[in-house]
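**Q** These are the residues of each chain, in order.
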Amino acid sequence: MLIARVVGELVATQKHPSHEGRKLLVVQPLNLDGSNRGDAVIALDAVDAGVGDRVLVATEGFSAMTAVGRPNSPIDMAVIGFIDHIDLMPGVS
Amino acid sequence: MILARVVGTVVATRKDPRLEGKTLLIIKPVSPDGKDEAGYIVSVDTVSAGYRERVIAVSGSSARMAAGCKDTPVDNAIVGIVDEVQLD
Amino acid sequence: MYLGRVVGRVWATAKNASLEGQRMLVIQPLTPELRSTGKPLICLDSTGAGAGEIIYWVRGREASIALLPAEPAADTTVVGIVDTIHLPTAPGVGTGEKGAESRPAGAAAGETGAQAALERTEAGPRIAQTGEAGAQSAPDGVPAATNGTQAAPKDPAAPGASRTPTHRKGRRC
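Here the protein sequences line up with chains Z, X and L, keeping their order.
According to our numbering, the first sequence is numbered sequentially starting from 2.
According to our numbering, the second sequence is numbered sequentially starting from 952.
According to our numbering, the third sequence is numbered sequentially starting from -17.
The following block holds chain Z by itself, in its conformation from the complex:
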């Protein structure tokens, strides 16, 4: 799983039926120091997150599918929780 920030939303009328009824969010994965980690990606929302929230993203297909409750669907990333707080040991960057 990754830490990410929700940076936007995506609307698609033509898409796989299993993506209906949930928001498609644009999320930017983050490093532990808060900087960007790679490019932003698209994740299905399982927890009703909004733009600006810091969230937990599952990046493995089976986990993402079960998080949104849709087995056998082509979902490889999902927002599965909100991050309240992160504690890092001293010296970890």
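These are calculated hints, taken from the structure and not from any lab test.
Ideal placement from N, C-alpha and C gives every residue a C-beta, glycine not left out.
Incorrect hints may appear among the rest.
[To be verified] Taking lysine-lysine pairs in the DSSO-like style, the calculated list, with each CA pair at most 27 Å apart, reads: (1) X:K966 <-> X:K979; (2) X:K979 <-> X:K1021; (3) X:K1021 <-> X:K973; (4) X:K1021 <-> X:K966; (5) L:K21 <-> X:K979; (6) L:K21 <-> X:K986.
[Said to hold, decoys possible] Selected chain Z positions facing chain L (in silico; Cβ < 10 Å): (7) H17; (8) A44; (9) I76.
We have chain Z already, so just place chains X and L on it with the hints.
**A** Chains X and L in isolation, oriented as in the chain Z frame:
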């Protein structure tokens, strides 16, 4: 999937028994307009590709879904020989 | 899932039996600001997307699941065609400050507080910016989709029919 070019073969007498009878080819990724890219991959051939042919290769656990590769320890398989690529 | 643009098609007669009847597209991965990122790849298509359309694709085992009940040996599949992208805050600015001026230029550049959207128009997709957090989707999102349909004819038919395309433009490789 990626586009790649067959550049060689691998012969391995001692290997996992489930790979017996499978042809192992060395492929080099290419861009859609034909330029070689860095690196190489050893891939299981499922379409009888020949030397220098341009092929389509699938990676990951989906490679085991290629016909003939079920339950075999394969993480890359050649699944097509390219006839034509059209770029817009 | 990842964003991308359809930049071409691939035809292959000799292929693995699990790929029979599947349409193969050349996809250029994009960032949400529609900048190219990474190398082009080949994706199966479950949406009938046309040339130049902005799509999103899925990677891994889920790419096969997208085409159930068929189980093709595919690790990337196009699963949706994008109508609109809303990016109220500039990506990379973790503080949440509005960074409209740092965004790449697009048709809506300079419009502060204006709600623009990435719409599929006959001229092709336009970059999106919005100054409003949590903006609603563009009310004309559906008509834009219709325009996009006219501009980029889809080919939902099985690739068996499109094996010898009657219309070719661009480069043949």
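**Q** Now look at each hint and say whether the structure bears it out.
**A** Hint check results:
1. Of the pairs offered as hints, the one joining K966 of chain X and K979 of chain X holds, with about 23 Å between alpha carbons and a cut-off of 27 Å not exceeded.
2. For the hint pairing K979 of chain X with K1021 of chain X, the CA-to-CA distance comes to about 24 Å; that is within 27 Å, so the pair holds.
3. Taken as a hint, the K1021 of chain X and K973 of chain X pair is honoured in the structure, with Cα atoms around 12 Å apart against an allowance of 27 Å.
4. Straight-line distance between C-alpha atoms of K1021 of chain X and K966 of chain X comes to about 17 Å, which keeps the hinted pair within the 27 Å bound.
5. Taken as a hint, the K21 of chain L and K979 of chain X pair is honoured in the structure, with Cα atoms around 14 Å apart against an allowance of 27 Å.
6. Distance restraint check for K21 of chain L and K986 of chain X: the Cα-Cα separation of roughly 12 Å lies within the 27 Å cut-off, and the hinted pair is therefore satisfied.
7. Interface hint at H17 of chain Z: satisfied, since its Cβ lies 4 Å from the closest Cβ of chain L, which is below the 10 Å cut-off.
8. Interface restraint check: A44 of chain Z against chain L, minimum CB-CB distance 7 Å, threshold 10 Å, status holds.
9. The interface hint given for I76 of chain Z holds, since its Cβ lies 6 Å from the closest Cβ of chain L, which is under the 10 Å cut-off.
Going down the numbered hints, you'll see the structure goes against none, and every one checks out.
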